[in-house]
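> Let's have the full structure, built from the sequences with the hints guiding it.
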Amino acid sequence: MPETVNAPTRNEQQNQGEPAAQAGARTQVREVQFAEAPPDAPSAAASQFDILLDMSVAITVVLGETQIPIRRLLQLGPGSVLKLEKPIEAPADLYLKDSKFAEVDVVVVEDRFAVRIKQILGAGAPANPSGVNSKS
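In this text, residue positions in the sequence shown follow our numbering: the first is 1, and each later residue adds one.
No wet-lab data here; the hints were simulated from the structure.
In this text the structure is predicted, and so the values were computed from the model without any measurement.
Do not rely on the hints blindly, as some may be mistaken.
What the hints assert, rightly or not - With beta-carbon atoms standing in for the labels, derived distance ranges:
| id | residue 1 | residue 2 | range |
| --- | --- | --- | --- |
| 1 | PRO39 | ALA92 | 42 to 50 Å |
| 2 | VAL62 | GLN33 | 51 to 59 Å |
| 3 | LEU96 | ASP40 | 28 to 36 Å |
| 4 | LYS83 | THR60 | 19 to 27 Å |
| 5 | PRO87 | ILE51 | 36 to 44 Å |
| 6 | ILE120 | GLU89 | 16 to 24 Å |
| 7 | ILE88 | ILE51 | 38 to 46 Å |
| 8 | VAL29 | MET55 | 37 to 45 Å |
| 9 | PHE113 | VAL32 | 54 to 62 Å |
| 10 | ARG112 | ALA35 | 48 to 56 Å |
Heads up, the beta-carbon is just placed ideally off N, CA and C, and yes, glycines get one too.
This is how it looks when you write it as structure tokens:
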């Protein structure tokens with residue numbers, strides 16, 4: 001069985017060009033002691049998390065779906081109607097990227113569409129079960 005050879009470490013590569021006396025020299029190591037942070041001091045992770053709280057994310061509301069042949073799709077124009085598979089009383093789906101995270105009711109607020117969250121889905125909810133593609 002052939003012998004396995006490991007690639008030289010960075011220190012070994014640097015030492016290859018040095019005289020033999022220096023190559024055998026050892027690096028001195030000393031312990032460092034750090035002061036404990038006070039318990040009420042904000043952590044770096046908390047302040048980095050605060051940055052995320054101000055970020056905006058795109059969400060997509062899916063009212064329903066349907067499948068039609070390409071020939072029919074090309075015939076669509078202004079005034080065309082596509083019947084969706086969901087009944088009117090069924091909730092719409094709210095997606096964050098490609099993951100469904102809530103079910104919502106569509107409502108009108110000040111002459112604009114809006115959604116009222118009915119249920120937030122847990123981590124076990126199926127991700128993108130219907131192949132919905134949101135804007136990336």
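> Check the structure against each numbered hint from earlier and tell me which ones fail, lowest number first.
none
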